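Engineer: Could you put together the complete structure from these sequences and hints?
Top to bottom, those sequences are chains A and B. Mapping the first sequence onto this note's numbering, position 263 (from 1) lands on 266, and the numbers just tick up by one. Mapping the second sequence onto this note's numbering, position 38 (from 1) lands on 54, and the numbers just tick up by one.
Take every hint as true, because none was put in to throw you off.
The following label-pair restraints were derived from C-beta to C-beta distances:
| hint | chain 1 | residue 1 | chain 2 | residue 2 | range |
| --- | --- | --- | --- | --- | --- |
| 1 | A | N245 | B | R52 | 46 to 54 Å |
| 2 | A | D194 | B | C44 | 47 to 55 Å |
| 3 | B | S114 | A | P83 | 37 to 45 Å |
| 4 | B | A61 | A | V17 | 29 to 37 Å |
| 5 | A | L133 | B | L22 | 49 to 57 Å |
| 6 | B | G171 | A | V17 | 42 to 50 Å |
| 7 | B | A100 | A | K101 | 47 to 55 Å |
| 8 | A | E126 | B | R52 | 24 to 32 Å |
What the hints contain is simulated information worked out from the structure, not anything from laboratory work. Treat the numbers as computed from the prediction; the structure is a model and nothing was measured. Here a beta-carbon is modelled for each residue, glycine too, at the ideal position from N, C-alpha and C.
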Amino acid sequence: MWASIGLSAVAMGVLAIAFALLLVWASRTFAVKNDPRIEMLTNLLPGANCGACGFSGCSGFAKAAAEGKAPADGCRAGGPSVAAKVAEVLGVKASGFKRQVAHVFCSGTEALAKRSADYEGWEDCRAADLVGGGGKDCAFGCLGLGTCVKSCLFGALSMGPDGLPIVDTERCTGCGICAQVCPRGVIQLVDADRRTFVNCVSPAPGKLVRQVCSAGCIACNICQRTCETGAIHVVDNLAIINPDACTACGKCAAKCPTHVIECLGPQEEAEPLAAGQAVQ
Amino acid sequence: MSFGALILLFVGSALINNFILSRFLGICAFLGVSRRLDTALGMGAAVVFVMTCSALISWAIQRYLLTPFKLQFLEYVIFILVIATFVQLLEMVIKKYSPSLYEAFGIYLPLITTNCSILGVALLVAGSSYNLLQTLVFAVGSGLGWTLAIVMMAGLREELDFADVPLSLQGSSLSLLIAAIMSLAFAGFAGVVPNL
Chain A
4 MWASIGLSAV AMGVLAIAFA LLLVWASRTF AVKNDPRIEM LTNLLPGANC GACGFSGCSG
64 FAKAAAEGKA PADGCRAGGP SVAAKVAEVL GVKASGFKRQ VAHVFCSGTE ALAKRSADYE
124 GWEDCRAADL VGGGGKDCAF GCLGLGTCVK SCLFGALSMG PDGLPIVDTE RCTGCGICAQ
184 VCPRGVIQLV DADRRTFVNC VSPAPGKLVR QVCSAGCIAC NICQRTCETG AIHVVDNLAI
244 INPDACTACG KCAAKCPTHV IECLGPQEEA EPLAAGQAVQ
Chain B
17 MSFGALILLF VGSALINNFI LSRFLGICAF LGVSRRLDTA LGMGAAVVFV MTCSALISWA
77 IQRYLLTPFK LQFLEYVIFI LVIATFVQLL EMVIKKYSPS LYEAFGIYLP LITTNCSILG
137 VALLVAGSSY NLLQTLVFAV GSGLGWTLAI VMMAGLREEL DFADVPLSLQ GSSLSLLIAA
197 IMSLAFAGFA GVVPNL
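Structural biologist: Following this line, the structure appears as structure tokens:
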């Protein structure tokens, strides 16, 4: 019996050592040189794998950044702090990272937007958009089924009581997933320091907008005439604000007959208003 | 060993004694990685590869080490050692020479270490009197049979995504029922060829 125990111990030992040596040899021979920065970068990134950078997850971005195929400030979710760290690892100068947040460009709350049908299908804006465009009469506004809320990885979106999504700008990382899933293009990324918005995306003529929604842009040109810095232009039946020229004086918002212009006031500390409301 | 007998061995290992549906080995990966058709194919390819290589090495160890020294009772431990080592080695080689294949295999390659059908093939070969050629045919046949089963399962489960499944049957319960019905179908192969 002792002989067979000894023999098996020797056989196992010899085999184990042989295999171990084989693996050691193999790991040296077949070693793949990985850029050590890739791992460092992967650890720096938020790890949400949101894909806003355009690469397959955080590791994909780390690899691309190390190879110089992605900009140092490419991580939207990480914001300026991550961009600075990434730039440090890569040995490049951090470019001016402009924080962006999502914004809901629609004022058509349940009370203000006309509704002449009930949608009872799958609770998803994309599905509702395919079959007749949900219940609202406006063919451009928010469908209110919350696909953006479900898509948000960071819990920055919630569905408000009036049927429009609300962006928590503190939590929003500007990854842009909500803007991608919104079939109407109602959610768009804007610079975080932008103060004035025209909360409507409808390119329909003013008369048609009036018929379906009492809070849409009717392209009346009052804001364009009011603006002292020439920041507002009505293009394709929709007022467009140039944020670089806007001084956030709030005069356009005060004059807007449908209150579709939202102005947060010139100071950063100004109390943010809920989407759809306007400064009177 | 005639050519006809080798064909019979192949069909027998792939269909009649299908590893998943007749021997019930490798069920964990069969249920775990059968959600998408392409990943099921990837897993199947990895299994065929590792199964063939590990069966050949196990055959050699059994024949030239365990049998001469009367150490057959060690076969479980040693075969696990062989499989684990071999999967590691394979991973390194693939990573070096074919990064795209490495990306495609992904997590499935390490997962194969714990796939009991690999050990099953090694043990069945060790318990038989197969020569090297027969071992090769048996291992390739078993691997392809395993792939066939998991690909069929993945195809069915992909179709099920569009089906209105009752709440009580959703998920693993329906998967197990499907596996059982597929297994019944494969039981029909038994006895088609005597002594297989």
